[in-house]
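Chemist: Take a look at the letters that make up each chain.
2 protein chains.
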Amino acid sequence: MRQIDKGVRWPFADRVEGMKASEIREILKVTERPDMISFAGGLPDPELFPIGRIGEISRLVLERFGKEALQYSTTEGYAPLRRTIAGRMNRVFGTRAGESNILLTSGSQQGLDLTGKLFLDKGDTVVCESPTYLGAIQAFKAYEPRFVEVVTDDDGMDPEALRKALAREPNVKVIYVIPDFQNPTGRTWTLERRKQFMDVVRSSGTNAVIIEDNAYGELRFEGEILPSLASMDEEGRVVFLGTFSKTFCPGYRVGWIVADEALREKYVLAKQAADLHTSSINQREISLYLEHYDTDEHIAMLRSVYGKRRDAMVGAIAERFPEGIRHTTPQGGLFLWVELPAGVDAKKVLLDSVGQGVAFVPGGPFFPCGGHQNTMRLNYSNCSEERIAEGIAKLGSVIKLHMR
Amino acid sequence: MRQIDKGVRWPFADRVEGMKASEIREILKVTERPDMISFAGGLPDPELFPIGRIGEISRLVLERFGKEALQYSTTEGYAPLRRTIAGRMNRVFGTRAGESNILLTSGSQQGLDLTGKLFLDKGDTVVCESPTYLGAIQAFKAYEPRFVEVVTDDDGMDPEALRKALAREPNVKVIYVIPDFQNPTGRTWTLERRKQFMDVVRSSGTNAVIIEDNAYGELRFEGEILPSLASMDEEGRVVFLGTFSKTFCPGYRVGWIVADEALREKYVLAKQAADLHTSSINQREISLYLEHYDTDEHIAMLRSVYGKRRDAMVGAIAERFPEGIRHTTPQGGLFLWVELPAGVDAKKVLLDSVGQGVAFVPGGPFFPCGGHQNTMRLNYSNCSEERIAEGIAKLGSVIKLHMR
Numbered sequence: 001m002r003q004i005d006k007g008v009r010w011p012f013a014d015r016v017e018g019m020k021a022s023e024i025r026e027i028l029k030v031t032e033r034p035d036m037i038s039f040a041g042g043l044p045d046p047e048l049f050p051i052g053r054i055g056e057i058s059r060l061v062l063e064r065f066g067k068e069a070l071q072y073s074t075t076e077g078y079a080p081l082r083r084t085i086a087g088r089m090n091r092v093f094g095t096r097a098g099e100s101n102i103l104l105t106s107g108s109q110q111g112l113d114l115t116g117k118l119f120l121d122k123g124d125t126v127v128c129e130s131p132t133y134l135g136a137i138q139a140f141k142a143y144e145p146r147f148v149e150v151v152t153d154d155d156g157m158d159p160e161a162l163r164k165a166l167a168r169e170p171n172v173k174v175i176y177v178i179p180d181f182q183n184p185t186g187r188t189w190t191l192e193r194r195k196q197f198m199d200v201v202r203s204s205g206t207n208a209v210i211i212e213d214n215a216y217g218e219l220r221f222e223g224e225i226l227p228s229l230a231s232m233d234e235e236g237r238v239v240f241l242g243t244f245s246k247t248f249c250p251g252y253r254v255g256w257i258v259a260d261e262a263l264r265e266k267y268v269l270a271k272q273a274a275d276l277h278t279s280s281i282n283q284r285e286i287s288l289y290l291e292h293y294d295t296d297e298h299i300a301m302l303r304s305v306y307g308k309r310r311d312a313m314v315g316a317i318a319e320r321f322p323e324g325i326r327h328t329t330p331q332g333g334l335f336l337w338v339e340l341p342a343g344v345d346a347k348k349v350l351l352d353s354v355g356q357g358v359a360f361v362p363g364g365p366f367f368p369c370g371g372h373q374n375t376m377r378l379n380y381s382n383c384s385e386e387r388i389a390e391g392i393a394k395l396g397s398v399i400k401l402h403m404r
Numbered sequence: 001m002r003q004i005d006k007g008v009r010w011p012f013a014d015r016v017e018g019m020k021a022s023e024i025r026e027i028l029k030v031t032e033r034p035d036m037i038s039f040a041g042g043l044p045d046p047e048l049f050p051i052g053r054i055g056e057i058s059r060l061v062l063e064r065f066g067k068e069a070l071q072y073s074t075t076e077g078y079a080p081l082r083r084t085i086a087g088r089m090n091r092v093f094g095t096r097a098g099e100s101n102i103l104l105t106s107g108s109q110q111g112l113d114l115t116g117k118l119f120l121d122k123g124d125t126v127v128c129e130s131p132t133y134l135g136a137i138q139a140f141k142a143y144e145p146r147f148v149e150v151v152t153d154d155d156g157m158d159p160e161a162l163r164k165a166l167a168r169e170p171n172v173k174v175i176y177v178i179p180d181f182q183n184p185t186g187r188t189w190t191l192e193r194r195k196q197f198m199d200v201v202r203s204s205g206t207n208a209v210i211i212e213d214n215a216y217g218e219l220r221f222e223g224e225i226l227p228s229l230a231s232m233d234e235e236g237r238v239v240f241l242g243t244f245s246k247t248f249c250p251g252y253r254v255g256w257i258v259a260d261e262a263l264r265e266k267y268v269l270a271k272q273a274a275d276l277h278t279s280s281i282n283q284r285e286i287s288l289y290l291e292h293y294d295t296d297e298h299i300a301m302l303r304s305v306y307g308k309r310r311d312a313m314v315g316a317i318a319e320r321f322p323e324g325i326r327h328t329t330p331q332g333g334l335f336l337w338v339e340l341p342a343g344v345d346a347k348k349v350l351l352d353s354v355g356q357g358v359a360f361v362p363g364g365p366f367f368p369c370g371g372h373q374n375t376m377r378l379n380y381s382n383c384s385e386e387r388i389a390e391g392i393a394k395l396g397s398v399i400k401l402h403m404r
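So the sequence lines, in the order shown, correspond to chains C and V. For reference, each letter of the first sequence is one residue, going 1 to 404 in my numbering. For reference, each letter of the second sequence is one residue, going 1 to 404 in my numbering.
Misleading hints may appear alongside valid ones.
What the hints assert, rightly or not - Covered stretches of chain V, going by a simulated chain C footprint (3 or more residues, C-beta under 8 angstroms):
{"id": "1", "stretch": "13-26"}
{"id": "2", "stretch": "71-80"}
{"id": "3", "stretch": "131-143"}
{"id": "4", "stretch": "196-209"}
{"id": "5", "stretch": "274-280"}
Said to hold, decoys possible - Pairs of lysine-lysine residues, derived as DSSO-like cross-links and limited to a Cα-Cα distance of at most 27 angstroms, are as follows:
{"id": "6", "chain 1": "V", "residue 1": "Lys20", "chain 2": "C", "residue 2": "Lys141"}
{"id": "7", "chain 1": "V", "residue 1": "Lys20", "chain 2": "V", "residue 2": "Lys67"}
{"id": "8", "chain 1": "V", "residue 1": "Lys394", "chain 2": "V", "residue 2": "Lys308"}
{"id": "9", "chain 1": "C", "residue 1": "Lys29", "chain 2": "V", "residue 2": "Lys394"}
Worth flagging that the hints you see were computed from the coordinates, not collected in a lab. The structure displayed is predicted, hence computed values, not measured ones. From the three backbone atoms N, C-alpha and C, an ideal C-beta is built for every residue, glycine too.
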């Protein structure tokens, strides 16, 4: 539509400087070919979507509540769904939430955006794991904070490193963490580390909020679900972000936050200005779905399928990757993390592996302060075991070439 | 969940200062009683939702595209829907858009939020009509701009007042206008005023973007749809915001922006950080609905029903309101605007009229710089003609008491 010659120079805000189309996203566009073996996305397997049941529920919602489901609704979200979420949160994650602690969001990504909006002035500090979720970096970046990465190992965030960071850094407003099956590493914090984390934050004197992002917590392949940080919170400091994208379907774009009631009110105001409310019909459908069908059973099925895929990937890596490569072995979730030897550039590996029909995401962008170009994130949830074996074999060959 | 004694003081960003729960919203909560005659909301009439057709389409989408419709999708939005929107925009609003000019948004409210995010640094200026849409004030406020109201009369924004404002005000980044059936006034800009507006902006030397918010444009009761500002744009300066909330159903939360292709890319990046994408299943359903059914026919029905309700309200006002009250007579849309004599406080009128079972929205909050407490917005789309007559009669009596 634009006449280039006469075009205005759009008067962007400063923050737009930091919004760049990702180079990696461009490379990955070619990976949408159906013959590509993709370890790149974070997609649940659509073969596992309960399409028949959704059709049934969709019919019921229109029949019973058509007018309400298609009308504007409150920003907070559909009350029966908030009650169901609170009940499940309390049972699975040990919180003590009621419907007034819950706000329905347009995916849990919106929980991140609203967090940035509520807490971050330009130049404020976000403390996060190293590495951390790329979507959180993007959401927070719009509010122009500084990022401080805290060393995180296989047991979780290092408490001593966190203590030092909180003592050193001014204006820490947000401490953003993913204690369960982290994106991108697949790591899970031990119970001990969770307690230490909460102690360090409390005793540091900071008034920062803790954002506990938990998109994958129910997808545990082995062992017991560990207490959430929210369940250990006695100060109204933890905001828990949840989503139906992984245990139900992402296409609905429905997530939630759990927060202290007074804090939730602020999130409600911020959300109202952002998109009024999340789709009423989608909320009603999910609500009725959760009432009618056995969610535990569905999630048990997902756990079983994804657990086998993790096994397939870990097994194939042991067999096909060259020596000297470290990787995580996640107890749940969708991702594992690979560290190539220093000096091997995962972006270059990607260019070659895409040529071989295998895609993944290089790990560099998950570090808000840069570096770590020798890392990669592999997703195993949306590939059959056979394709995983084939893809890892090809990827192993490409990595070998790059390690010469 | 919070233990008040030990609670942290949340470290909110400065912008949260401006986010307040609206006092009027609190009053209006009592108006949700079913016996209340409400002129307060901006709701389409749910009796007119095509529920049967939606059920049919919903079944088809799951049958044909279940997996894709329930999976993550691109931020830009479903391409066939973008093509359909572009076609309709070009036919109805005279634009020259293609699918690459369109971004699907989570309601057109999100278009406002993303506009604030892309253009507004703290202290920048937003120029708007006086009065203007409350939701836009709220969306932009999160980015801490100054608002400058420009005098607007029954023909549209005053070009001379706009010229002066643009000459006087520094850092005007956004000029926000609603030329068709404005919320809250119901006014429509004349063709002449549209041309003058574009000329004044162009010749002023500002590089501000123009946000043309058009939620109601197709709901015209008489005369012809006038050319959109977007259709007059030769600089890539106008961003058009559209929505399915008024011509289809609000519960889906699907709107769109039309912008220059390069500018749309920035909106895509901002949206990606905000909520990844708008519900895939909702986009597919709307897309198939628009393919299968005659939208023009559905909109013609809405026009006819809402037009009669406008007539009913205008007629009742003539009969029942005391002398000395000015009001608009909208050619379309959902609202009309009432100016009580100076000194009569519409908020006090509301308190009394709610006691009589009639609700409306006082006009003050639609003026970002304050004042105008003697104004009120009346919605006529979600009330039968009988209820409109009854409500206006009661409201007239209350106003009479306040004018004594």
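Chemist: Each hint should be assessed against the structure and marked as holding or not.
Modeler: For each hint, the structure was consulted:
1. 13-26: holds (count 7)
2. 71-80: holds (count 3)
3. 131-143: Held - the stretch 131-143 of chain V has 6 residues with a Cβ nearer than 8 angstroms to chain C, which meets the minimum of three.
4. 196-209: It holds: at least three residues are needed, and the stretch 196-209 of chain V offers 3 whose Cβ sits within less than 8 angstroms of chain C.
5. 274-280: holds (count 7)
6. V:Lys20 - C:Lys141: 25 angstroms, holds
7. V:Lys20 - V:Lys67: 41 angstroms, violated
8. V:Lys394 - V:Lys308: 20 angstroms, holds
9. C:Lys29 - V:Lys394: 61 angstroms, violated
Of the numbered hints given earlier, the model fails hints 7, 9; all others are met.
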